[in-house]
Structure formats: structure tokens, C-alpha cells
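> So for the sequence shown, this note's numbering puts the first residue at 133; every next one is plus one.
There may be inaccurate statements among the hints.
[As the list claims (entries may be wrong)] Below are the EDC-like pairs computed for lysine to aspartate or glutamate, each with C-alpha atoms no more than 20 Å apart in a straight line:
id, residue 1, residue 2
1, LYS264, GLU363
2, LYS251, GLU146
3, LYS178, GLU413
4, LYS251, GLU218
The hints are simulated quantities; they were obtained by calculation from the structure and are not laboratory data.
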Amino acid sequence: MTRTVFVNGQYVPEDQAQVSIFDRGFVFGDGIYEVVPVIGGKMVDKAPFLERLKRSLGELRIDMPMSDADYLAMHEKLIELNGIDEGGVYSQITRGAADRDFAFPKAATPSVAAFTMKKQLLDNPNATTGVKVVTVEDIRWKRRDIKSVALLGQVMAKQEAVEKGGFEGWMVEDGFVTEGTSSTAYIVKDDTIITRPLSNSILPGIRRKALLQLCDKHNVKLEERLFTVDEALAADEAFLSSATTLVMPIVDIDGTMIGGGQPGPMARKMREAYIAEIKAEAGIA
């Protein structure tokens, strides 16, 4: 059974979805995207999702094409049409179609597309075993805080990590870990979670924001600072977070075993605390 997707105001079968060859998202990567998790058939982290979406649009000077309520309703409709109990919804907004010119077109209507993904989030087996990450060079542009559809740097880094046997790649710049190719990076030392502070160098992760709030709620020590690859290799624990992994323990970095090769207590604690929060939001017992 084919998925139903959303393209510029219409719900259509995925094999009938079309966008213009002149769409600036296709030609220039001139657009932004978001992914919102779904559990129990309901979106979670909706408020920070919309906040980041509109921030990215603002940075690119693209108008929000519909109201917040209509944007969320479109997501809810896709979840219903595709019978999504657990997974996520990907959406993207581009500047729209116009003749190819680097400068912003004087008149273009933003293009909107979205589709659902079925994915095991709560009982992900990787959370039990932990995952391996591989460090890779960070070759991206300087505005990584914008959730741009232009992801070639991340694609190349992820492919390198996969070819080296990694679940994820941790990108490194000037000796310091920036973030994962599609996740936020954390290490744990002496019962303290360490993660890089927000700046133009990293994406402001929604799970990152939630976990920092949980640190405060559960009296977990936190340091927002840069950390090196050597620090990561010597850490007591490491983990990552994203919309589709939630909180994922790391047990190996570049072939070095972390935390005895087992998911550590802090990673497990933060995953359990975050899942409890989103279950409450979704009304799941």
C-alpha cells in the first residue's frame, strides 16, 4: 500500500507526488526541513518543532506558508491517512519555483511537502545494545544552526561513517566534536553530561533542549562546552539524541570501547526520563 503524502495543498499517493524542476529546493537547496516524532499516533515536542521551523525560515527570509494550526493539522492528517502509530513526519518548505538565479526571486510562492515514516522509537533494539560511532571531518558551511535541506556535507559524512562500520558519524572541527551527522553528541564524565553549547556551529536540537531541561528537573550535572575526541575516548559514557533515535547510548567510538561496551546508567536514565515525558505528552500510560 502506497503512502499518502502532502504536496502544495494536496494529499496524493506518493508515486503521484510532483514538484517543479525549477523549485529552488531542488536547484539550490534553498529551503528548510523538520522531523517530528510520532508515538501513539500523536506528534510529540510540537511546540519546539514549530519554533525551530519558523526560526530557520526567518533566517532564510522565507514566509511561513500557512498558519501554525494548519501546519499541524496537515501533519495530523498524514498520520491518520497512513495509520502511523510510531515513527515520524518529515516536512520541508522551500522558497518555491522560479527561473534559476542565485538572488531571491521577487515573487515566488513557498513550496510545502511532507511525508510519514514508520519507525520503532520506544523499543528500539539499538537502545539495549548501544551503537558505534566513527569520527569524520566536519566539512559543512558556517550556518549549521539553520535546518537546511542542503545536507550534502552530512550525507558524505554519514556515508563515510557507515563504510567504516558506524551507526553514526561524529563530525570533528579543529579537534573538537561538533555534532553527529544527524544527531546531537554528548559524553559523560564523573556523573556530568557534557555537550557543545549552541552557536552557528551546530543545530539547536529539540531533543537536546528537552534533555537539558530534564537535567535541571532531575538534578543531573551539566556542562555546555566543547570537548575533544580524546575526551570522548576517555569518557565514562557517551550518547546521542535525535527525533528518530530519541536518546541512544554509544558503546564504541573509533574502535575504542566506551563504558565497558554497555549502555551506561546516565544514558539509560536520560532515555527513560525523556520517554516518560513524551508518553505523558501523548497521553500514553
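> Against each hint, give a clear statement of whether it holds in the structure.
Right, here's what the structure says about each hint:
About 16 Å separates the Cα atoms of LYS264 and GLU363, which keeps this hinted pair within 20 Å; it holds. For a cut-off of 20 Å, the pair hint linking LYS251 to GLU146 stands: about 18 Å separates their Cα positions. Annotation: proposed proximity of LYS178 to GLU413 holds, straight-line Cα distance about 10 Å (limit 20 Å). For the proposed pair LYS251 and GLU218, the alpha carbon gap of about 6 Å is at most 20 Å, so the pair holds.
Violated hints for the displayed structure: none, as all numbered hints are satisfied.
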